[in-house]
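Using the sequences plus the hints, can you model the full thing?
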Amino acid sequence: MSDKTIEVNLANQLGYERVAMACSASFARMMGLPPERIEDLKTMVSEAAINAMEHGNKGRSDARVTVSLNCRDNVINVAVMDEGDGIKEFPPKPDIEKIIEDLESPIGFGLFLISQLADQVEFNEVTDIGHVVKMAIKMDS
Amino acid sequence: MSDKTIEVNLANQLGYERVAMACSASFARMMGLPPERIEDLKTMVSEAAINAMEHGNKGRSDARVTVSLNCRDNVINVAVMDEGDGIKEFPPKPDIEKIIEDLESPIGFGLFLISQLADQVEFNEVTDIGHVVKMAIKMDS
Amino acid sequence: MQQHSNQINMEQRGAITLFDIRGDLTSFSEPFLSEAYQNANEQGAAKILLKIEKEAYINSGGIAALIQILAQSKRNNQNIGITGVSDHFKKIFSMVGITRFADIHETVENAIEVMS
Amino acid sequence: MQQHSNQINMEQRGAITLFDIRGDLTSFSEPFLSEAYQNANEQGAAKILLKIEKEAYINSGGIAALIQILAQSKRNNQNIGITGVSDHFKKIFSMVGITRFADIHETVENAIEVMS
Ligand SMILES: Nc1ncnc2c1ncn2[C@@H]1O[C@H](COP(=O)(O)OP(=O)(O)O)[C@@H](O)[C@H]1O
Ligand SMILES: Nc1ncnc2c1ncn2[C@@H]1O[C@H](COP(=O)(O)OP(=O)(O)O)[C@@H](O)[C@H]1O
Chain D
1 MSDKTIEVNL
11 ANQLGYERVA
21 MACSASFARM
31 MGLPPERIED
41 LKTMVSEAAI
51 NAMEHGNKGR
61 SDARVTVSLN
71 CRDNVINVAV
81 MDEGDGIKEF
91 PPKPDIEKII
101 EDLESPIGFG
111 LFLISQLADQ
121 VEFNEVTDIG
131 HVVKMAIKMD
141 S
Chain P
142 MSDKTIEVNL
152 ANQLGYERVA
162 MACSASFARM
172 MGLPPERIED
182 LKTMVSEAAI
192 NAMEHGNKGR
202 SDARVTVSLN
212 CRDNVINVAV
222 MDEGDGIKEF
232 PPKPDIEKII
242 EDLESPIGFG
252 LFLISQLADQ
262 VEFNEVTDIG
272 HVVKMAIKMD
282 S
Chain Y
283 MQQHSNQINM
293 EQRGAITLFD
303 IRGDLTSFSE
313 PFLSEAYQNA
323 NEQGAAKILL
333 KIEKEAYINS
343 GGIAALIQIL
353 AQSKRNNQNI
363 GITGVSDHFK
373 KIFSMVGITR
383 FADIHETVEN
393 AIEVMS
Chain E
399 MQQHSNQINM
409 EQRGAITLFD
419 IRGDLTSFSE
429 PFLSEAYQNA
439 NEQGAAKILL
449 KIEKEAYINS
459 GGIAALIQIL
469 AQSKRNNQNI
479 GITGVSDHFK
489 KIFSMVGITR
499 FADIHETVEN
509 AIEVMS
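Chains as they are written, first to last, in the working numbering: chain D, 1 to 141; chain P, 142 to 282; chain Y, 283 to 398; chain E, 399 to 514.
Note that these hints are calculated values from the structure, not bench results. Take these hints with a grain of salt, some might be off.
If you anchor each label on the Cβ, the simulated ranges turn out as follows [what the hints assert, rightly or not]:
| id | chain 1 | residue 1 | chain 2 | residue 2 | range |
| --- | --- | --- | --- | --- | --- |
| 1 | Y | MET377 | P | GLN261 | 46 to 52 Å |
| 2 | P | GLU230 | E | SER403 | 29 to 35 Å |
| 3 | E | MET408 | D | ILE107 | 54 to 60 Å |
| 4 | E | SER432 | P | ASN215 | 42 to 48 Å |
| 5 | P | ASP260 | E | GLN401 | 27 to 33 Å |
| 6 | P | ASP214 | E | ARG420 | 41 to 47 Å |
| 7 | E | SER403 | Y | ALA297 | 32 to 38 Å |
| 8 | E | GLU433 | D | SER61 | 51 to 57 Å |
| 9 | E | ARG420 | P | SER246 | 26 to 32 Å |
| 10 | Y | GLU317 | P | GLU195 | 52 to 58 Å |
Beta carbons are placed, not taken as given, at the ideal position from N, Cα and C, and that holds for glycine.
Structural data, given as structure tokens:
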């Protein structure tokens, strides 16, 4: 672990993503990320952590979610790790018109928001200890 | 680790205690701790984390500080761990009159505040992975 | 956990039914929003204003719950407005398309004037 | 890191020298407080009001830095007041005894009235 990395390890329970959000916000504030981008970071971390709990760890109460953050070369890097084996199929961009007309289910918003808000995302890095989603926010974007 | 425990692992750098404070505050809010006690918890975590960085880890930049929190039987338990071997000598309660008169140095405020604010404290639990300060706050105190 | 529930107070403001929504909008909000909507619908509400807390935490589960209300109200020919939305969530609501089915208003007073 | 510094604006309010202190009070604040105090002292300040930000983070390092100012001002026979302190830090300041050497005032206006 890099000496300036912080890591938060969460119980696999909906609601606990707030702790990761608070951690990320505090870290990013310390690094000088502008307030509106801190809000983006909080939403990215929240959505990735919820997916880790629900999809990666399949709701298992003994599983853990780990969120790590560091800041290098003016980029805040976040990694959200679960004990699963990655995203099997990416849903299409959610189409609200179709969802409203009941032609599609309201899914896919999590990954959609992550992709929209992050300056860079990498899904599906699968190692022997689990699956990682890597997201980045540039300090000056 | 208990399934409802959260853990945050910090770089050994002054300032990073803010991340542990934010984490603790968010966790305690989720558990329903009243706002004024959340402020107490933040100060306890801050002082214990700073001591862990400065005294336990002696400022070594490659050392880590770990803060873990859980809530059991209406008690929030916090453990702050460093890589040192514990508190060798407890300073006396700081005497502000003497400090102002330059008869004493302004030290001992960290441990003093922790003892005052926590409902329970245990210093000096030393294991092979390091030294732990355990603090507790009762939900209904 | 206290943050897994909402309190929704309904209030009639002229032609508009105001939902004063306390708490975060997450997947746990779905039954609370649904029940409030059912009540309003049974009472014949034609215009509904959802007031959110400025500091509320909203995630994709809460967005799905909101969209469900928008879908039902569209079917029932009701007009929906939203107020109390922070700048961040205005952006998010626009990204996901919520703003195509509900107008965002700066204040309750403003919403009532525009929606009446 | 931006949170490791303070900005202190000095302002004369009648007989009182106001230190408008921006930022957190930690061990990093010591040189900033010290410099401001030296300046005020050289200019012959007799009454000093320290205004802290309500949401400032204050730790034992910041408390030590404040006490250093209290000690110097006691030696120089200056009167010190503090304002902008949250309820939590009022309690902390009382626990450590800061309130025995400086009065805490609710507002700047209030402080100026009482200290003048
Ligand atoms: N960490 C993950 N591990 C495994 N699958 C995932 C993960 N994150 C997302 N997915 C898959 O991607 C889909 C879309 O996720 P998302 O956009 O968050 O929407 P939702 O959670 O509403 O389904 C999920 O339904 C799931 O199949
Ligand atoms: N985690 C720790 N590991 C080793 N020694 C410690 C630790 N925490 C506190 N101490 C010792 O206790 C003393 C008092 O700590 P504290 O009350 O925080 O005041 P200060 O940090 O100003 O010295 C320190 O000077 C140090 O010698």
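Each hint tested on the structure:
1. The given range of 46 to 52 Å is respected by MET377(Y) and GLN261(P), whose C-beta atoms sit roughly 47 Å from each other.
2. For the hinted restraint 29 to 35 Å between GLU230(P) and SER403(E), the CB-CB distance of approximately 33 Å keeps it satisfied.
3. With their beta carbons about 58 Å apart, MET408(E) and ILE107(D) fall inside the hinted range of 54 to 60 Å.
4. Checking the proposed 42 to 48 Å range against SER432(E) and ASN215(P) shows it holds: the Cβ atoms sit about 45 Å from each other.
5. Checked against the hint of 27 to 33 Å, the C-beta distance between ASP260(P) and GLN401(E) comes to roughly 30 Å, which is consistent with it.
6. In this structure the supplied range 41 to 47 Å holds for ASP214(P) paired with ARG420(E), their Cβ-Cβ distance being about 42 Å.
7. Distance hint check for SER403(E) and ALA297(Y): the Cβ-Cβ separation is about 55 Å, which falls outside the suggested range of 32 to 38 Å.
8. The hinted window of 51 to 57 Å between GLU433(E) and SER61(D) holds, with their beta carbons roughly 54 Å apart.
9. For ARG420(E) and SER246(P), the hinted distance range of 26 to 32 Å is satisfied, since their beta carbons lie about 28 Å from each other.
10. Judged by the Cβ atoms, the range 52 to 58 Å given for GLU317(Y) and GLU195(P) holds: they are separated by roughly 53 Å.
Violated hints amount to a single one, hint 7; each of the other numbered hints is respected by the structure.
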